[in-house]
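Chemist: Okay, here's what each chain looks like letter by letter:
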Amino acid sequence: MTRLNGAAAEKDFLARVVEESGQNLTACIQCGKCSGGCPIASAEVGGPRRLIARIQYGQKRQALEDPTWWYCVACGTCMTRCPVEINMYRVATALCEIAEREGVAPSEPDIHLFEELFVKSVERHGRANELRVVAAFNLRTRHPFKDLGSGLTLMRKGAISPGEMLKGSRTDERTTRLFARLQRKGTEDGR
Amino acid sequence: MKVSYYPGCSLESTGKAYDRSARAVCGALGVEVQEVKEWVCCGSSAGLKTSRVKSTALAGMNLALLEKEEPSDVVAPCPFCFRRLASAQQEMREDPKLKAEVQEAIEAELGDRLEIHNLVDFLRVKIGLGPIAARIEKPLIGLKVVPYYGCFMVKPRQVTRCDDAENPVSMDEILATLGAEVLDWDFKTECCGAGLSLSKTEKVVELSGRIVREAIFRGADAIVVACQLCQANLDMRQRQAARQEGKSYALPIIYFTELMGLAFGLAPEALGLNHHLVDPLALLKNKGLIG
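Protein chains in written order, with this note's numbering: chain A, 1 to 191; chain B, 1 to 291.
Just chain A, same shape as in the assembly (with noise of 0.2 angstroms):
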């Protein structure tokens, strides 16, 4: 049980995550209805209603080890529906940015080695190659195998193509200097 007594940086974390992810999060009002329609809510892993619960409690350690925001596929459901129309993915992205920057290990090593890899392979071609990335995952998690048969009989469908593996190793530069760009703004920024 965490005890909250309104520090000042209880009060700061909450003014950064709304300011990072443009949500107003003082706002909620704590309805669930964000919940009730969220396709990742369960028991285990919580939810959006109890994440803004504990950023606005300024619970900081607690919401940056939340797995909701690693979960949020970004469906939208939630911000659809929320009276006060917070948009969830918008605070997933700030959270994930703080916790990258402060150095919190991923609370969900798995969907984060996903995102890295995926991220990685856009950076370097420019466009995704979503057979490399999905066979460079299945090798890193140690499941080589995993999902192997619909894998064989769509490229006996022709639905797939192995050498579609190949034909992504071209770099393109634009992105990766925009990356690295970004990279060395970011830091001069202190983010």
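Honestly, the hints are just simulated from the structure, not real lab data.
Here the structure is a predicted model, which is why all the values come from computation and not from measurement.
Check each hint, because a few of them may be wrong.
Capping the alpha-carbon separation at 20 angstroms, the derived lysine to aspartate or glutamate pairs in EDC-like fashion look like this [as the list claims (entries may be wrong)]: (1) B:LYS2 to B:GLU38; (2) A:LYS146 to A:ASP110; (3) B:LYS97 to A:GLU19; (4) A:LYS185 to B:GLU104; (5) A:LYS33 to B:ASP186; (6) A:LYS11 to A:GLU97; (7) B:LYS247 to B:ASP279; (8) B:LYS97 to A:GLU97; (9) A:LYS120 to B:GLU38; (10) A:LYS157 to A:ASP147; (11) B:LYS99 to A:ASP189; (12) B:LYS99 to A:GLU19; (13) B:LYS16 to A:GLU164; (14) A:LYS33 to B:ASP164; (15) B:LYS126 to B:GLU35; (16) A:LYS120 to B:GLU12; (17) B:LYS144 to B:ASP279; (18) A:LYS33 to B:GLU166; (19) B:LYS68 to B:GLU107; (20) B:LYS37 to A:ASP172.
Here chain A is said to cover these stretches of chain B; the calculated rule only asks that three of the stretch's residues, wherever they fall, bring their Cβ under 8 angstroms from a Cβ of chain A [stated by the list, open to error]: (21) 7-17; (22) 40-49; (23) 57-65; (24) 155-161; (25) 188-194; (26) 267-276.
The C-beta atom is built at its ideal place from N, Cα and C for all residues, glycine as well.
Given the structure of chain A, go ahead and fit chain B onto it with the hints provided.
Modeler: Just chain B now, kept in the frame of chain A:
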């Protein structure tokens, strides 16, 4: 009519059937589709999650490329690409600081003349049911379908500008025009599990499984989709979902563009109908819709 076309990464890979059928259907309706040159990934859900400025800059880079093309109408068949491009445009309009940051990062100036469409609304609204009806050679009589919109094309309504994000009807209307029997159901915009397919497969089996189960319960011959990620999840994960329930499902998951092409008299192979895991060809033969 000429439009800019932004296929996105999936349509070059796992979503080839969607790309092929989308281009074929546009062609049949007299829409000249011009793929934007040198496009890059929109960042997808992974980019969106991990960095606001990077994902907006990736979308911005594409918007800048699209502005170099002549058409101001942009069609993005992938619902995530559609929403990301439209959302970045909207966010930069509302936040000049973000726009300035993106322009500096991509080394290009951004105007604001583009109109980003998803493929369903483009065909339903910009082309219209009349021209679609006029093009039909083989109406889809006897085919019972449930339209599945998924999330990114409709939600959040503040971003997609969808009239009714809880009960969209544009795809229903297209399918009914084609002559199919469109069944009522409650799962039009329930999430399939989207990008968790690989990292949290059990969640996707659960979410996609309940969509397939409901469609079968309603008596559908097939689920009709407008998203390659929905297609992949529903097609690929239904077997695992069935196994968990001690059942066996084989419900075809078909792109709405494939059905349009079929009704227009185009060859099934030209539409990619032979590419799916659960084979729709047997069903379509059975219904007398292909020879």
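Chemist: Output the indices of the hints that this structure fails to meet, ascending.
Modeler: Nothing - there is no hint that the structure violates, so all of them hold.
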